[in-house]
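S.K.: Every letter in the sequence shown is one number past the one before it in UniProt numbering, and letter 204, counting from 1, is 204.
In case anyone wonders, no lab produced these hints; they're calculated from the structure.
Beta carbons are placed, not taken as given, at the ideal position from N, Cα and C, and that holds for glycine.
Please note that a few of the clues may not be correct.
Stated by the list, open to error - Quick list of the computed label-pair ranges, beta carbon to beta carbon:
#1 Pro323 <-> Leu193: 41 to 47 Å
#2 Ser247 <-> Ala390: 26 to 32 Å
#3 Val249 <-> Thr147: 33 to 39 Å
#4 Val176 <-> Lys351: 46 to 52 Å
#5 Ala390 <-> Asn196: 31 to 37 Å
#6 Arg124 <-> Pro250: 24 to 30 Å
#7 Pro195 <-> Arg494: 34 to 40 Å
#8 Pro395 <-> Arg494: 18 to 24 Å
#9 Glu392 <-> Arg494: 28 to 34 Å
#10 Pro133 <-> Asp100: 41 to 47 Å
#11 Glu434 <-> Asn196: 29 to 35 Å
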Amino acid sequence: MSRPILAVKAIDLQEEASNSCLTSQSFQDQTLLAHVELWIEGPNYAVLAVRAEMHPPIPATCIPRSVLVTLSEEFIQDSFHSYLKSSLSQAKGERLLDADVLASAESDLMITGPALCLYFAALRCTTNPPSVPLPRNTKSGARNQPTDLSFENCPAPFISFLKVWANTVPKIQGLVPEAQHDLARVICGLEPLMPNAPSTPLVHGIAAALRAVAIEISQRRSFQDRYASDLQAALDAGGAPSPRKASFVPPPVYVPSPSTSRSPSPNPSTRSSIESNAPPLPARSSYEKPPRSPGMLSPSSSSTSYLAVPPSPTSSILNHDAPAIEFIRETLYAALGDVLAQHPLLRRLLKQDPARAYFGSVALAILDVSTRCITADGAVIGVRGKRLTASECPPQLLPFMKELVGIGHAAKSMEEEDNEDAIKAIQTGQDVPEQTRLERVKLVLEGGIGYEFDELSRVNTERQRRRSVEGRAVAFANRVNALSLGMTRLRAFRERQDQVFKVLAGVSS
1 MSRPILAVKA IDLQEEASNS CLTSQSFQDQ TLLAHVELWI EGPNYAVLAV
51 RAEMHPPIPA TCIPRSVLVT LSEEFIQDSF HSYLKSSLSQ AKGERLLDAD
101 VLASAESDLM ITGPALCLYF AALRCTTNPP SVPLPRNTKS GARNQPTDLS
151 FENCPAPFIS FLKVWANTVP KIQGLVPEAQ HDLARVICGL EPLMPNAPST
201 PLVHGIAAAL RAVAIEISQR RSFQDRYASD LQAALDAGGA PSPRKASFVP
251 PPVYVPSPST SRSPSPNPST RSSIESNAPP LPARSSYEKP PRSPGMLSPS
301 SSSTSYLAVP PSPTSSILNH DAPAIEFIRE TLYAALGDVL AQHPLLRRLL
351 KQDPARAYFG SVALAILDVS TRCITADGAV IGVRGKRLTA SECPPQLLPF
401 MKELVGIGHA AKSMEEEDNE DAIKAIQTGQ DVPEQTRLER VKLVLEGGIG
451 YEFDELSRVN TERQRRRSVE GRAVAFANRV NALSLGMTRL RAFRERQDQV
501 FKVLAGVSS
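Using the sequences provided together with the hints, build the complete structure.
M.R.: Structure below.
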């Protein structure tokens with residue numbers, strides 16, 4: 001077929017197709033020999049009739065999944081953005097988001113919008129197991145299009161998102177209306193109206209899961225390219241077009257120079273079109289790690305060396321008069337060597353999805369620097385042992401500096417709590433969790449929210465179940481990811497992004 005198949009229906013195997021077949025193909029399965037026929041073809045979908053050649057006929061429920069054709073990624077993206085516009089408009093109408101926020105370029109808006117879309121989709125869900133109701137298409141020939149996105153027709157790149165979302169649906173629908181409204185508020189970064197309600201820990205846990213999925217959605221280039229129009233549609237909703245204009249601009253994409261050979265990505269569903277064969281990894285630099293001292297927030301550290309990201313031609317990073325943003329940027333980029341050495345999954349991901357690997361690497365570098373390079377008084381000790389204090393930061397950089405320090409303090413507190421819990425567990429004869437929360441945070445930053453969901457499926461102890469409900473590890477990973485989103489959108493980071501892509505790609509070559 002020349003056009004993609006976007007919908008599939010398997011009729012009863014005992015039913016005869018009354019329409020002539022346009023095309024057909026056969027397949028062999030261990031338990032079933034069947035004939036797949038294109039029965040009806042519309043402008044953007046196809047209906048398949050499956051008939052068994054076994055006697056007696058086998059019920060349709062026994063058809064192997066290999067027979068069924070999944071929905072296309074393009075169709076899912078179109079459906080998602082259709083709902084995203086209505087979700088943002090509804091949030092504006094309920095005063096969860098105002099016009100100033102929608103028109104802003106705040107990085108957190110990239111997370112809030114998709115998370116709200118997932119929240120409203122959960123409220124609309126009427127199936128068990130949960131499936132996402134798809135928007136109705138009134139175009140000609142759309143009468144037989146699929147009504148839901150389910151595990152049977154979901155494209156592989158979205159399966160992990162669907163699993164996490166489906167896990168939240170019964171929890172969301174089980175909340176009282178007031179708690180559901182609080183959930184929407186938390187997703188939007190607002191305080192719940194019932195902070196002391198018994199459901200509040202669950203509300204925060206659900207919000208963390210939805211925002212984690214939203215963070216991964218926000219890394220897809222197809223989302224970034226269309227988000228500004230979604231925001232503008234929400235601004236214009238409810239009357240005459242708004243004079244306000246959405247200022248969101250997609251982050252830049254690294255495009256190799258013409259002299260650089262290109263080869264298709266082994267994964268056609270990568271979240272970005274970034275593909276390159278980068279030059280070999282340069283020699284290790286002479287950047288020195290800041291010495292550890294009792295005054296540093298250092299939960300853990302490794303002894304591996306820094307990655308040599310070539311200094312910017314206009315950068316004076318080795319000069320103590322270097323701008324604060326260059327200092328923080330080079331300190332984070334210098335930590336990438338440790339990150340890649342400790343997380344082999346990222347090295348493999350560099351070949352399949354460089355943009356996702358870059359984002360994950362920067363997020364883990366933020367966690368590394370915040371836990372190892374922050375002093376007790378809130379200063380950052382970076383490359384060449386240079387010290388940067390909050391008073392030296394320009395106003396536009398100060399929120400990032402404060403959040404970096406805040407993440408370091410929170411990580412230290414998290415590790416101390418885990419140590420105390422482990423001691424108590426040993427003293428009372430209980431099982432000690434296999435992983436600390438900080439270790440789980442790193443794995444979520446590396447592997448995405450899908451990793452955390454898989455871990456939840458094998459939770460055994462009551463302590464682990466409580467932590468899973470509260471979602472504290474996921475929420476903390478979201479906090480790190482949000483800072484990574486904000487920092488990588490700064491001009492100083494964008495200016496160096498192409499060089500960093502080349503160096504990171506060289507690691508995997």
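S.K.: What hints, given by number in increasing order, does this structure fail?
M.R.: Of the numbered hints, 9 and 10 do not hold.
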